[in-house]
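*Asks:* Here's the letter readout for the chains.
Number of protein chains: 2
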Amino acid sequence: MEVEKAYLSGLELVEDSKIVMVSNNGEDGYPYTKAMMRLKHDGLYKFWLSTNTSSKRVQLFKNDNRANLYFVDENSFKGLMLVGTIEVLQDRESKEMLWSEGCEIYYPLGIDDPDYTVLCFTAAWGSFYQGLENTGFKIDEK
Amino acid sequence: MEVEKAYLSGLELVEDSKIVMVSNNGEDGYPYTKAMMRLKHDGLYKFWLSTNTSSKRVQLFKNDNRANLYFVDENSFKGLMLVGTIEVLQDRESKEMLWSEGCEIYYPLGIDDPDYTVLCFTAAWGSFYQGLENTGFKIDEK
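Chains as they are written, first to last, in my numbering: chain A, 175 to 316; chain B, 175 to 316.
No incorrect hints appear here.
Which copy is meant is left open, so a pair is good if it fits within one copy or across any two.
In silico DMTMM-like cross-links for lysine to aspartate or glutamate, where the CA-CA straight-line distance does not exceed 20 Å: (1) Lys192 to Glu248; (2) Lys230 to Glu307; (3) Lys214 to Asp314; (4) Lys312 to Glu201; (5) Lys214 to Glu248; (6) Lys192 to Asp247; (7) Lys312 to Asp202.
Hints were generated in silico from the structure; no laboratory data involved.
Here chain A stands alone, though its shape is the one from the complex:
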């Protein structure tokens, strides 16, 4: 598959996905994976996710920001892996930007809930899988 097509197919898969699998390095040296809601993104370059400040993951990302985002369609067996880093954001602007109706379920005190944290993932490269074929590509700000 051509790189351009792989990028666009990956983007389509992102748009069609409600969730994303986020992986990080555990402090025990094992990879850890967890599904999160796919909230906001800028192409395949930036992804903003929300999580609980109190979660162990936030602390882990502060120590080791290397991460993996994975999107999958199990029916067509397409997969997109993005490799990059995650930044932990706790400024009000980021928290307002990502806030939407329904977030109160997770953060009952609202935008200023101290347990509300924004994670910003920046991709360095990606790989799109379809039809037994992997196509890798670099990702830059556009």
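Chain A is fixed; fit chain B onto it per the hints.
*Replies:* Using the frame of chain A, we list chain B on its own:
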């Protein structure tokens, strides 16, 4: 959630899943995630998966066997994470045990296709997520 219930709910999620997300440590220090077919398992303790011998992952697992299996139901937002190790098996018994009709798509030469490898994952512990709650449990052979 009680541990026993979390284990059984996790097992139910496994049975309902066609695919599993498999994560490993990349040689660059980043976690890598990929979906694989959920083929055969023994409770939450052992999972057998098939892959291409030529894949980079097989070599990586020989050097670093730490892995993560993740199952998710995006509709009910249940998730099961299993942490453990992966063994690379290339003996005929294992390859026969996992072989089924349709495998020829991936391994055209059949059971003895040198590009056919069995991965055996052994879980040490798991964590089941449902309703904003994580329940962790150890996993032993039963």
